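Taken in order, these protein sequences are the chains called A and B.
Using the working numbering, you'd call the opening residue of the first sequence number 1 and step up by one each time.
Using the working numbering, you'd call the opening residue of the second sequence number 1001 and step up by one each time.
Just so you know, not all the hints are guaranteed correct.
[To be verified] Which stretches of chain B does chain A cover? Using the computed rule of at least three CB atoms under 8 Å from a CB of chain A, they are:
hint : segment
1    : 1052 to 1061
2    : 1065 to 1071
3    : 1121 to 1127
Hints in this document: simulated from the structure, not taken from any laboratory.
Because the structure is a prediction, the values reported are computed rather than measured.
Ideal Cβ placement from N, Cα and C applies to all residues, glycine included.
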Amino acid sequence: MKKNYLKAYTCLVLLAGSLLLSSCWKLRGHYGGPKSFEPVPRSIQPADIALPAGYKIEAIAQGLNYPTAITFDDSGNIYVTEAGYAYGEIWTQARLLRIEPDGKTTQVAEGGKNGPWSGLSFYQGNFYVSEGGTLEKGRILRITPNGAITPVIQDLPTGGDHFTTGPVIGPDGNIYFGLGTYTNSGVVGLDNYRYGWLKRNPQLHDIPCRDITLAGQNFITDNPLTPDPKDKATTGAYVPFGTPTTSGQVIKGSLPCSGAILRMPVTGGNLELVAWGLRNPFGLAFAPNNTLYVTDNAYDVRGSRPIYGAGDVLWAINQGPTWYGWPDYSEGKPLNTSDYETNKQDPRFVLANHPNKPPKPAAILGVHSSANSLDFSRNTAFGHVGEAFIAEFGDQAPEVGRIYGPVGYKVVRVNTSNGVVEDFAVNKGRTNGPASMHKSGGLERPIAARFDPKGEALYVVDFGVMPITEQGEAPKQKTGVVWKITKEATR
Amino acid sequence: MENHKGGYPMKKTVFNLANGLLLGSLILLTNCGSARRSEPLHGPLTMNEQVKRGQVVFMENCHKCHPGGEAGAGPSINNVPLTSWMLKARVRSRAFFFGIGRMPSFKKHEISREELNDLVRYIKVLKKHDEDAATAAR
């Protein structure tokens, strides 16, 4: 009796301690409102960014409009993509630009209204771009140096919450690319309506790569697609909004599919499954040992099937298509435990059985950090050879879940042999966070990290200022930057 | 509290300790240090083998919500005064009061007793790293 009393008191103290210390952090709400996409002034102060001893950072281009990816041609010229679409639903011109030595840009190509252009590679004289597919589905585009665009593949099932991503050319000469899922965790819901696409495309839903059997879980929500405000909709997994499912129901797998990495020859043609059961496989890169690695943005606390506390993952991709766990596992762990529950309801499995036990991640990154494009160091002159350098875009809280402090907004390096994650380039200050929140001149939203062909400099694409306002994401036009990190004391 | 009249000196000590911590937290309210410890800001952490093992345990289980011991999906832990005993209690049992505890608990099959010791060493070494002053970053 007394023992329990004591135990209870101890817990109370522990908790009171946590609560009282709340001046150390506070749950972050919306900021930067009202929602507007208008450009804002952005100060650039490399001295506001901390790096390990011996490294230096400089901005080599500024004023870019939602830049997303970077690559280099055979002569070492630098190219970036501008997305043409950003969260909060704004369409601008998707472009491929060359960055000149003086920081000015020259347009190489421009796309249609089907962004975002999310990834970029250069291979044997041509550029390869992933086009997200907000309005006309996903594509992989081949762009010649004089700007002629040909789709290598189109009609890819993306453009919901996530996009077609990543193209990298493998050691086998194939293009590898990612397809993000339409939804957070398999079920179309009101979060997708708020993001805009459910209204545009009420028939969309996730597509499995192989046949799957459903557990028959359904979710009841308001129905925003009908005028009657009292109207309800019942929706299962892998089906359109308002469609119920039954236990044992089989959903046919097909290619292309959702939450997958696929590959095909650079000339197009035969499409092959490389990995599935991913959520938003944003960044793809081959390590020096030729293993393919991918960053996967994990579940949010939103929609009909919210998932709490899911860390973004760096996966080493196995040969012989493995299933990585979406929509029933996170970081290789089953979702049907209290670890991932929200006060709304505990996540239960939506699949009746699972294709394989998901592998263990190469590393687990911050919940909501939005781990995006990555590259591996290959040159001792830069250091950390074999480690992955990952650009973390930063959280979109509170839209995706509550947080105690800003997550991401930096470049981390990862030892893939033991999963240790270390900051590499991060803003100075008492707490972490984007420069605009600190009123400093440092990093905003790093979205891509890539080494130059010699491996001497790490280039970081910074998407620009994007606060999360009461009305949603408000990415500011023409605030994008390209940073260059080098080691000062090489040789 | 009358219940404790007479006897239970051991428990009383714990009880007072708890009261002290409660007070400690109150005092800290006014002066809460920064939780930042990472290499770019404070230089590399010097680690022995045990601390290195503890770091791996941290990365697998804690980093996602307390990145580098800073705030994220969970609060910062580098700037919170916690004894090894309280840290272990935190890891093993869920804070269930008022139903607001969001941090998972970790059972022995998830983090073994040895791993927990290593983890606590790592957290303590990381916390102290503060005092090395900012060497690297400028």
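Checked hints:
1. 1052 to 1061: holds (count 4)
2. 1065 to 1071: holds (count 5)
3. 1121 to 1127: It is violated, with 0 qualifying residues against the three required.
Consistency with the previously given hints fails for number 3 only.
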